[in-house]
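Please put together the full structure from these sequences, using the hints given.
For the record, the sequence lines run as chains G and V. Using the numbering used here, the first residue of the first sequence is number 60, and each one after it goes up by one. Using the numbering used here, the first residue of the second sequence is number 352, and each one after it goes up by one.
Source of the hints: derived by calculation from the structure; they are not laboratory data. Where hints are given, some of them may not hold.
Unchecked claim - Facing chain G, from chain V, some residues (calculated, C-beta under 8 Å): (1) G420; (2) P550; (3) V554; (4) E561; (5) R569; (6) A994.
Idealized CB from N, CA, C, for every residue including glycine.
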Amino acid sequence: MAYTLNVNGKALSADVDGDTPLLWVLRDTLGLVGTKYGCGVAACGACTVHVDGQPMRSCQIPVEAVGKSKISTIEGMSKNAVGKRVQAAWMELDVAQCGYCQAGQIMSATALLTQTPRPTDAQIDEAMNGNLCRCATYVRIRAAIKRASGQKEA
Amino acid sequence: MTYHDKVLKVFGANRREVLVSVGAGGLTLGFSLAGKAQAQDDAVKPLNAYVSVAPNGTVTITAKNPEVGQGVKTMLPMLIAEELDVAWENVRIEQADNDPKAFGRQFAGGSMATPLHWDELRRVGAVARAMLIQAAATAWNCGPGDCTTDTGAVIHKASGKKRTYGSLALACANITPPDPKSLTLKDPKAYRILGKFTPQYDVAKIVNGEPLFGIDVRRPGMLYASIVKAPVFGAKVASADLDAARSVKGVKKAFVIEGDPNGLFPQGMTGQGLLPAVVVVADSWWAARKGRDRLNVKWADHPTAKLSTRGFDEQAAAFNAGTPQRNARNDGDVAAALKASARTVEAAYSYPFISHANLEPQNCTAEFRDGKLEIWAPTQNPEPGRQLTAKTLGLKPEDITIHMIRGGGGFGRRLANDYMVEAAWVAREVGAPVKLLWTREDDMAHDHYRPGGYHFFKGGVDADGALIALQDHFVSFTNNTEGQPSPSAGMAASEFPARFVPNVKYDVSMIPAQIPTGPLRAPGSNALSFVFQSFIDEMAHAASADPLAFQIRLLGTQDTVGEAPARYGAARMRGVLKAVGEMSGWASRGKLPKGEGMGVACYYSHQGYFAEVAHVAVDKDGAVKVRKVWVAADVGSQIINPAGALNQVQGSVLDGVSGALHQAITFENGATVQSNFTDYPLMRIAESFPVEVKFLKTDFPPTGLGEPALPPALPALTNAIFAATGKRIRSLPVTPDMLKA
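Here you go:
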């Protein structure tokens, strides 16, 4: 069945089964491979996208449930004012090691800073705890969120 | 694609190229010169090339090794760029393909990139610089000694005349490269690139989600594959409902791979054959997966279907009660020394199998056309993968090209190439480009695990508090017919503190277990550090000594002990122990509140000397909170890229603690029990903690940082837990049950 999705402000169509997770529609059908597969059970956060501004695990969203919701992915973050700041902090501090989880980390961090411009450590923990980093770059993830929010880094 | 084709691609095929191959002293360096060249075809060779200079001054440097997050794609080119004397902003980095003729061994393992390339790649840059200087000197009719360089230009010292590298590159075609060994390298005080915080070259691609990883590879007409293997390692396919899978929309093919049921264990980590499997290929991965879910595969009986972790525990206990299978070391007279000791301790330690759990599940893309195979693989070890693929498919290695694609985490898992052979087999079977992707559950069920192990210790200290006797009966695993330890399940006879204690006995017994194992970040060390450094801490407490002072005393007074490759830099280890004591405020640890404590541990691995102190708090429910870890490290004279170096050390410490607090792979009925991050947890950000790092600068050549910070993190943690609670952790992972008040 054909679905028209609003992704990063563009109308994109995908002819897939309705139960196909949004993650695989983005990656395999639409070619937006920045959103990553890590676990398939919403345990790692690598597939995090924004659905109407809320961070969601795209591996758990069947495409038929998306409707007219606005989807934002990592590929659209450079056009998001907060996202762009987060990306800049990530680059300046060289947060990544392998980098595989970082798209999901940036999506969660952008959602956090959009709602809570100056988060405390506890708020960072709460918002980011669903995003695993196997390389354990958490020290820099925390520092980058603070930098992007204009707070002292440590 | 030859290197020459690639250069044409990079610079545009309308430019003519002169490529000069330099071969001196085993060093190979290529210099590609774009411009109005009078190229003779016989001068154009498939290049062993690292450096090319474009007329506009852009320098392209080839990164020879696979990148899996250890930062080597940035770090190795920094070595060349420094001696070449160019601005880092003008450097472009190109990832090499697998090409051992051009680049020698290309692998990511053993924290070896730094020690293997520190000298060689700086000389690659120096040779190129010398050739550019010679070209300018010839043009100016002066001696090379009259010239110097300054960030991308040759300068005539007396007159200040200047020629850019871009304008000189062409003239280098006629210059004989100097012997690399004849060149004087820069004084480190003059470094402009080395030692500077340099973000990874691909950082913008990472934060923008651009295609970068193995899983992101796309080829025209590409299909997607999902592969099912038996939960019991190597079991054959008895039956599978292929038609049910084929009935799923989008599924193109479903078939059985007969495979080699014994293919898992012949020759260590690179010897795996293709296991029996069922494959579903579809026009999307989700469709392939849906098809797979309908296969209803039945697996044949298999002789290892009774293996279990409980069984291993029982066999280890039986070995402990009996006579060890063999002795690996016997210094002095341990039995007599234990008898003569003022205090003795007896302790049984164990640690579980654990999984690499790369966040990017194993995957590979392959295309088979006209008898030739092209592979895009996130591998740490491409050439053995090529050889294994050639052998398994009956192809010639030279008919297989491997592109090394960034891996979403390595940790040693991608030194094995099982996913590569599978993708190659499926691509040939299907006749179209195929991306094969494992599920997370496949990944956890079919790892080459860090092997578990058991250590039965006895130790004794004399009345003066010196460690005089140490005995270990190590019960490990063997998965091969030769009775050798499974990969990464061995222990060197020189394992510390051997050679520092007069009476030492190491015995070994092995449990046969057909479970695939392999190197995981700091293989061997990541477990041996826990048991030995914990037991040494126990002996310190038995001696009523300050554990840090006990460690320093144990290291004696000599600078080094033993000969390479088992040489131990005792002075270097004493240095990092003293440093970490100062950094952490070790002497004031008595002022910590109840329920908190500090522990110290040190470990030498991968040529690096590391001492670490952990500060933990344990609550009444037994929950462990790590407040901070301090790391003192001695990896020689130069930190090449502080950005990557610090990240590796902090990540290693968190990784080690993550494993110690959470991770265990267990087996029941011959199969792995855990399946995903729900039952195999990794540390999350709320549990993370600050890691303060100090690199001691010493006169030794620089060594690597991918691994050696990890091993001491585990015993520093568990020794701190003892200091906080009085409870000794002798098996991993640490659970709250062990620590409840």
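Against the structure, the hints:
1. At its closest, the beta carbon of V:G420 sits 3 Å from a beta carbon of chain G; the interface hint therefore holds under the 8 Å criterion.
2. Because the smallest distance between the Cβ of V:P550 and any Cβ of chain G comes to about 4 Å, under 8 Å, the interface hint for this residue holds.
3. At a threshold of 8 Å, the smallest CB-CB gap from V:V554 to chain G is about 5 Å, leaving the interface hint in force.
4. Look at V:E561: its Cβ gets to within about 7 Å of chain G, closer than 8 Å, so that hint holds up.
5. At its closest, the beta carbon of V:R569 sits 7 Å from a beta carbon of chain G; the interface hint therefore holds under the 8 Å criterion.
6. Using the Cβ-Cβ criterion of 8 Å, the hint placing V:A994 at the interface with chain G is satisfied: the shortest such distance is roughly 4 Å.
Violated hints for the displayed structure: none, as all numbered hints are satisfied.
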